[in-house]
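*Asks:* Spelled out, the chains give:
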Amino acid sequence: MALENRKWEQTLLEESRRQVLAGWPTGREVDLEDAMNYHRSLGQERISYHKLRRGQQEGVTFLQPRAGVALLDEHINLLNSLEHQGAADFLPTTIDSYTRLNRYQEADRGIEESKAAGRSMLNGLPAVNYGVKNCRRIVAATGVPVQIRHGTPDARLLAEITLAAGFTDFEGGGISYNIPYAKNISLQQSLSDWQYVDRLCGLYAEGGIIINREMFGPLTGTLVPPFISHAVGIIEALLAAEQGVRSIAVGYGQGGNLIQDTAALRTLRRLARHYLDRFGYQDVFVSTVFHQWMGGFPQDEARAFGVIAWGAATAALAGVDKVIVKTPHEALGVPTAEANVAGLLCTRQVMRMLAEQNVQATQRLADEEQVIEREVGEVIAAVLDLGEGDLAAGVVRSFAAGVLDVPFAPSRCAKGAMMPVRDLRGAIRLLHPGNLPLSRETLDWHRLKIEERGREERREPDFRMVIDDIYAISKGMLVGKPR
Amino acid sequence: MPRTTTIVLGVIGADVHAVGNKILEMTFSDAGFKVVNLGVMVSQEEFINAAVETDAAAILVSSLYGHGEMDCRGLREKCRESGIGKILLYAGGNLVVGKRTFSQVEAMYREMGFDRVYPPGVMPDVAIADLRKDLGL
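Residue numbers (the numbering used here), protein chains in the order written: chain A, 6 to 488; chain B, 2 to 138.
Just so you know, not all the hints are guaranteed correct.
Below 25 Å or equal to it, Euclidean Cα-Cα: the simulated BS3-like pairs (lysine-lysine) are [what the hints assert, rightly or not]:
1. B:K87 / B:K35
2. B:K87 / B:K134
3. B:K35 / A:K188
4. A:K188 / A:K420
5. A:K454 / A:K486
6. B:K134 / A:K420
Computed from the model, here is a short list of chain A residues facing chain B with C-beta under 10 Å [unchecked claim]:
7. Q110
8. P303
9. E393
10. F468
11. I472
Keep in mind that the hints were calculated from the coordinates and are not lab data.
Just so it is clear, CB atoms sit at the ideal spot from N, CA and C, and this is done for glycine as well.
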């Protein structure tokens, strides 16, 4: 079957579901009717869609940590600490890397080794192995919405099991959970597998259960220019809406320059709404998510708090619906519960102090917003052109041609011909545009910004400058000045 | 002129962290090594096959996602079985889940047969200097 951006027929979904559910013994536990009844029993404060809507009406920004460990009881204890000591508004269940690659046998071994070692040997919760009944214990033990966060190119079975368990929020998409997370998986495959996930959410929606679907904005988390992640997030939102998804969150990872980050968050909300409306999905609810700095962190905890606080300040000043919070252990691997709570408390403190302030509407901010809107428009128009009107086909062809491109991605689908670098003020620009379909006017804007930095630092902007930028924050600055 | 020294580079297991891998490829190449970069998600067998095929002097294993302990165990033994038991093995990154002291981590990896072990945040220049020293270059 050729990939196209069209709502799946019922027969195709039913046939695919039978195959997917037979993929691991716990698939047998999935019973849609029982699942929907369980969802109906949840109060609105435990359902992502309702809480996000209320937050938007009241102008509240919510906080959410990342967390997941191998053993179920430990995981529940961890979430309880984050909810009660950290006052998290949304909870996560982060899935381990074996499950993300559908290696359930290895995940089983991870559970056994963790039991034997008395500590988690996995970097997340292997939800497929635990199955519906066990996972429901997580939902039952928490008082706020719990989201599945992962990085799974083929998340069909994971979605089946966790949605049936009562989770109301599911992160990922056919681009954002392939390009940064896989090496050899084709976009045809991942886009099709995510159509399944989105169609499954559509099925729940038809039963009155609205699952929030969040697109993973930061991508590789390494100097991704805003227009790239915006274009990817908006395309994923459109693909999801076509399959019947009714609540979509689009995300953005902090770049570090306040003006660019503010422009990015303001345009992300506007552009997502604009494109969903333009393609006929006016009834889809949209929210925005801001990820605190996703690149390398300083190892020193006090300095890491500085990075976290700047992310908190940016979120408060720029305005966003939800913030994904980092921890002071970021540079050292999977954090302890205490470190995770500390990240939440630090973020909350800064955000409350800045609640009455925002970034002033200056000409510079207006320029940045205008550039991002133009860039996103140029990219999405080219993708639709290449797909001859079909967005899904357009995505596959655009990545092959480098018309869509993501820097530092492990996937062979990404050409990696574009190269980003910071400008003099730390905003992320294009050093090499690769094959990105940008107008002369847009390219000139990037070129001038980078020439300005080259002059200031008295060096030719090249790959060394990019490497300096990648390590800069872990060394205590935003722009990687010459060594 | 001495023959160019070949090294095999990759991120082990189910790990997809690509950024550091790309930087290592660039900096080791820049330092004059012939780099066989296997990229992300590399199995022990792939590391060893590449090292045998290219007569490599060292295998540089990266792991950022915390499963490194399970992924790296047995690599030295498999090298021995493949006739490259003496090859230099380096490991670096976030090598275990949870916060443990680096000396604990280093001891664990030494025990597994690694010659050099690096905590997060070490710049590539350090490993390049160590490799030159270990190879007598």
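*Asks:* Next step is simple, just say for each hint if it's right about the structure.
*Replies:* Status of the hints after comparison with the structure:
1. At most 25 Å may separate the alpha-carbon atoms for a hinted pair to count; K87 (chain B) and K35 (chain B) meet this at roughly 19 Å.
2. In summary, the hint linking K87 (chain B) to K134 (chain B) is supported, as the alpha carbons are separated by about 16 Å, within the 25 Å threshold.
3. Among the hinted pairs, K35 (chain B) with K188 (chain A) is consistent with the structure: their alpha-carbon atoms are about 23 Å apart, no more than 25 Å.
4. For the proposed pair K188 (chain A) and K420 (chain A), the alpha carbon gap of about 12 Å is at most 25 Å, so the pair holds.
5. As the CA atoms of K454 (chain A) and K486 (chain A) are separated by approximately 15 Å, the hinted pair is consistent with the 25 Å bound.
6. With a C-alpha separation of about 36 Å, the suggested pairing of K134 (chain B) with K420 (chain A) is violated against the 25 Å cut-off.
7. For the restraint placing Q110 (chain A) at the interface with chain B, the shortest Cβ-Cβ distance is roughly 12 Å, beyond the 10 Å limit, so the hint is violated.
8. With 10 Å as the threshold, the beta carbon of P303 (chain A) comes within range of chain B, its nearest partner Cβ sitting at about 8 Å, so the hint holds.
9. With its C-beta approaching chain B no nearer than about 32 Å, E393 (chain A) sits outside the 10 Å limit, and its interface hint is violated.
10. Hint status for F468 (chain A): holds, given a least beta-carbon distance of 6 Å to chain B, under 10 Å.
11. The restraint placing I472 (chain A) at the interface with chain B holds, with a minimum CB-CB distance near 6 Å, inside the 10 Å limit.
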